[in-house]
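A.B. asks: Going by this note's numbering, the first sequence opens with residue 1, and the numbers climb by one from there.
Simulated from the structure, these hints should not be mistaken for laboratory data. Check each hint, because a few of them may be wrong.
[Unchecked claim] Think about it this way: if two alpha-carbon atoms lie no more than 25 Å apart in a straight line, the pair counts; the simulated SDA-like pairs of lysine to any residue are:
| # | residue 1 | residue 2 |
| --- | --- | --- |
| 1 | 2 | 113 |
| 2 | 430 | 305 |
| 3 | 389 | 369 |
| 4 | 106 | 243 |
| 5 | 55 | 10 |
| 6 | 424 | 363 |
| 7 | 106 | 7 |
[What the hints assert, rightly or not] Cβ-Cβ distance ranges computed for the label pairs, FRET-style:
| # | residue 1 | residue 2 | range |
| --- | --- | --- | --- |
| 8 | 198 | 167 | 39 to 45 Å |
| 9 | 23 | 117 | 44 to 50 Å |
| 10 | 167 | 95 | 22 to 28 Å |
| 11 | 432 | 334 | 23 to 29 Å |
| 12 | 401 | 334 | 20 to 26 Å |
| 13 | 399 | 285 | 40 to 46 Å |
| 14 | 128 | 29 | 26 to 32 Å |
| 15 | 131 | 432 | 55 to 61 Å |
| 16 | 23 | 128 | 26 to 32 Å |
| 17 | 430 | 188 | 49 to 55 Å |
| 18 | 281 | 1 | 20 to 26 Å |
| 19 | 91 | 249 | 15 to 21 Å |
| 20 | 250 | 285 | 30 to 36 Å |
| 21 | 401 | 354 | 18 to 24 Å |
Values in this document were obtained by computation on a predicted structure and should not be read as measured data. Positions of the beta carbon are idealized from the N, C-alpha and C atoms, including for glycine.
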Amino acid sequence: MKNFVEELRWRGMIHDMTPGTEEYMLKNMTAGYVGIDPTADSLHIGHLVGVMMLKHLQMNGHKPIALVGGATGMIGDPSGKSQERNLLTEEALRHNENALKNQLAKFLDFDSPSKNSAILVNNYDWMNTFSFLDFIRDIGKHLTVNYMMAKDSVKKRISAESGTGMSFTEFSYQLVQGYDFLHLFKNEGCRLQMGGSDQWGNITTGTELIRRKMGSDNEAFALTCPLITKADGSKFGKTESGNVWLDPEKTSPYEFYQFWLNVSDEDAEKYVKIFTLLTQQQIEKLVVEHREAPHVRLLQKTLAREITIRVHSESEYELALAATEILFGKGTTEMLRSLNEKTLLGIFAGVPQSEISRKEFMEGIGILDFLSQKTGVFKSNGEARRMLKDNGVSINKAKINEDYELSINDLLNDQYLLVQKGKKNYFLVKITG
RNA sequence: GGGGAGAUACCGAAGCGGUCAAACGGGGCAGACUGUAAAUCUGUUGGCUCAGCCUUCGGAGGUUCGAAUCCUCCUCUCCCCA
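Can you make the complete structure from the sequences, with help from the hints?
C.D. replies: In structure tokens:
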């Protein structure tokens, strides 16, 4: 067996683990699982650490299990939450489960002929038919409320500061998650649960339950990774426009690529270890090169390339790269004009778009009206006016001022206008009809 | 049930009869610098037909030439005592 734990260790992906985990895994092929809440029909990059842990698990010869928390998602994990969660319907759950599996397949091999093929399970399938009475008798009996109350996630919610209190439903969450582990232990021989460090409490409820129910010679293990942080203290995985999703409909490959490219130097060193499969030697070499010439942003580019190709595709990556070149590189009006329609649309796939009829355009539109009312680039005429005054608006990569008059000569491919607010915000306007 | 404090723009928070579209801080956006980074500096941050006008200070009324500021009622939040 390859040393899975060591692999995670040098990558900085271990926060805590139960004693004996490393020793056991060196000797035995181990099935391990990570739980994913099916609250949406796409993963976002916050899920990626868990997914990468499963990936390494499989690459090191162990068996990864992705557990979709259909049942637990219906309850809502109280960890780190200050409020009760909304509950999902079964229909939504199934839809989400499917979508998640497709995305996970980009990382994990679900169809391997070997014994460590990845599998996907949904705890709804075994919790669904588990009656309340059976559950509290067979499972609830094994753990004391005292034990459950001692968990941080519970303590925080019960304490006086959080005025809302905690429902019985959420209180029982850890027990349900704990039972998942027990179920997988019995049915899949699963001995390891992994997750973010905030999951430690929930995971150990599972190992505890297994020990009490199965006897102390049946060991189960917990392994958590540190919460991903950003050097500036803001939350990882969020941009101004919200979550960064794997689904190209929610976050375009271009935006996705940009997210990773914009990572700070400090974070890039961490992330390249966590989110790419490059070897230790390769990464060390990259880090050295990066430090010699930080402005080249070798780390960010490598990081962005690796993840974009894995999540999307080689060609999506090429397109994102081309878009980046034009938008931020030495992109000029001439370059824009030289693009054919297909390339143009490909590049700006993730950019907000709006339409104006040709008739209206030909009749002449005032620049203020165009920027606010007609296209929504700015919320109000006042804002548009200010930005023009501040030299913050470009059309087709050329700065314009308040006196600018739009004409047919501005159209790219005879029907598009590229409006730019500041350096980074693009809008594509299409002239229709 | 009794007593007290409060509700101001994206958020926090000043203002307590006119000079208030409302100080200050944070956040946002833009400009300069730069590596599409960080830090820094500058501008801007209700709307419009923009030296002017219109709508905003929990809601509804009222007093006044004039109200975010005073009065009445209502709604909500927080604190203390039972």
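A.B. asks: Residue 432 and residue 334, beta-carbon distance inside 23 to 29 Å?
C.D. replies: holds, 26 Å
A.B. asks: Would the hint linking residue 424 and residue 363 be met if the CA-CA limit is 25 Å?
C.D. replies: Violated: residue 424 and residue 363 sit about 30 Å apart, past 25 Å.
A.B. asks: Would you say the C-beta atoms of residue 167 and residue 95 sit inside 22 to 28 Å of each other?
C.D. replies: Since residue 167 and residue 95 have Cβ atoms about 26 Å apart, the given range 22 to 28 Å holds.
A.B. asks: Range first: 20 to 26 Å. Now tell me if the beta carbons of residue 401 and residue 334 are that far apart.
C.D. replies: holds, 21 Å
A.B. asks: Given the hint of 30 to 36 Å, is the C-beta distance from residue 250 to residue 285 inside that range or not?
C.D. replies: holds, 35 Å
A.B. asks: Between residue 401 and residue 354, is the Cβ distance one that fits in 18 to 24 Å?
C.D. replies: The hint (18 to 24 Å, Cβ to Cβ) holds, given that residue 401 and residue 354 are roughly 22 Å apart.
A.B. asks: Can you let me know if the beta-carbon spacing of residue 198 and residue 167 is within 39 to 45 Å?
C.D. replies: Given a distance of about 20 Å, which is not inside 39 to 45 Å, the answer is violated.
A.B. asks: Would you check the hint for residue 430 and residue 305, treating anything up to 25 Å between C-alpha atoms as holding?
C.D. replies: Given pair residue 430, residue 305 is violated - Cα atoms ~30 Å apart, limit 25 Å.
A.B. asks: Would you say the C-beta atoms of residue 23 and residue 117 sit inside 44 to 50 Å of each other?
C.D. replies: With a Cβ separation near 25 Å, residue 23 and residue 117 fall outside 44 to 50 Å, so the hint is violated.
A.B. asks: Is the Cα-Cα distance between residue 106 and residue 7 25 Å or less?
C.D. replies: holds, 21 Å
A.B. asks: Could you say whether the range 15 to 21 Å given as a hint is met by the Cβ separation of residue 91 and residue 249?
C.D. replies: Holds: the Cβ-Cβ distance is about 20 Å, inside 15 to 21 Å.
A.B. asks: Tell me if the straight-line CA distance from residue 55 to residue 10 falls inside 25 Å.
C.D. replies: With a Cα-Cα distance of about 16 Å, the restraint between residue 55 and residue 10 holds, given a limit of 25 Å.
In summary, the structure is inconsistent with hints 2, 6, 8, 9 and 16 from the numbered list given earlier, while agreeing with the others.
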